[in-house]
Amino acid sequence: MKKLLYTIIIVCIFIMLIGCQQQEESNEGGPLDGLFQGLDLSYNEYKYIFEDVVQRGKSMNVDNGLEKWVIRALGDEKLTNKRDLTKEEATKQAEYAKSYYEALEEVSEEKYNISISDAELDEWISNGPDQHEFPQQRAYAEALGLTVKQLNHEYDKDLYHQTVLYERLIPVLQKEYGTQDGEILREKFHKEVEDAMK
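Under the working numbering, the first residue of the sequence shown carries the number 842, and numbering increases by one thereafter.
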């Protein structure tokens, strides 16, 4: 349970970084802010929301590689701000989030020599997220036509990849920046990732 809580915290930190950047640019809620966290809804309420979000995301007919990022942006906005994004807003937020993820991987691997094999990641998911099922997770998986295990090991594998990268990066970044202050680490690493996106 501690590992899952730690995972959620790390994912939320990543998502907050993305959200802060978007808020600076537009003064609106950022993409993936909170990623469906922090709400106390029933399974049926989550199911209703996610079915609508997934249907809307798929009906936008965006590039297949961007579709899940669009669905994530739609879901986050619906749950955190209780509003629907337009196709343009969802696409913009999804493109930013996807580019950020790709730049994060690039900086992690090329500058800090940190990478994760598929086997390591699958083991990490099996020992962490697979051990606990939450109502929003189950509703999200079902809306996508997946099992929770498929959601974890396939669809959302990239999010868990980010989490494990951050776990491995933290001690390296503490040495690199000469601080253990989480706020400073987030700001400096966020700037590195943003610079890699240009």
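Calculated directly from the structure, the hints in this document are not laboratory data. Heads up, a few of these hints could be off.
What the hints assert, rightly or not - Calculated lysine-lysine pairs in the DSS-like style (CA-CA distance at most 27 Å, straight line): (1) Lys1029 to Lys939; (2) Lys923 to Lys952; (3) Lys899 to Lys888; (4) Lys1032 to Lys1016; (5) Lys909 to Lys998; (6) Lys933 to Lys1016.
Checked hints:
1. Lys1029 to Lys939: Given pair Lys1029, Lys939 holds - Cα atoms ~20 Å apart, limit 27 Å.
2. Lys923 to Lys952: Status violated; Cα separation ~39 Å.
3. Lys899 to Lys888: 16 Å, holds
4. Lys1032 to Lys1016: 17 Å, holds
5. Lys909 to Lys998: Holds, at roughly 12 Å.
6. Lys933 to Lys1016: 35 Å, violated
Violation of the numbered hints given earlier is confined to hints 2 and 6; the remaining hints are satisfied by the structure.
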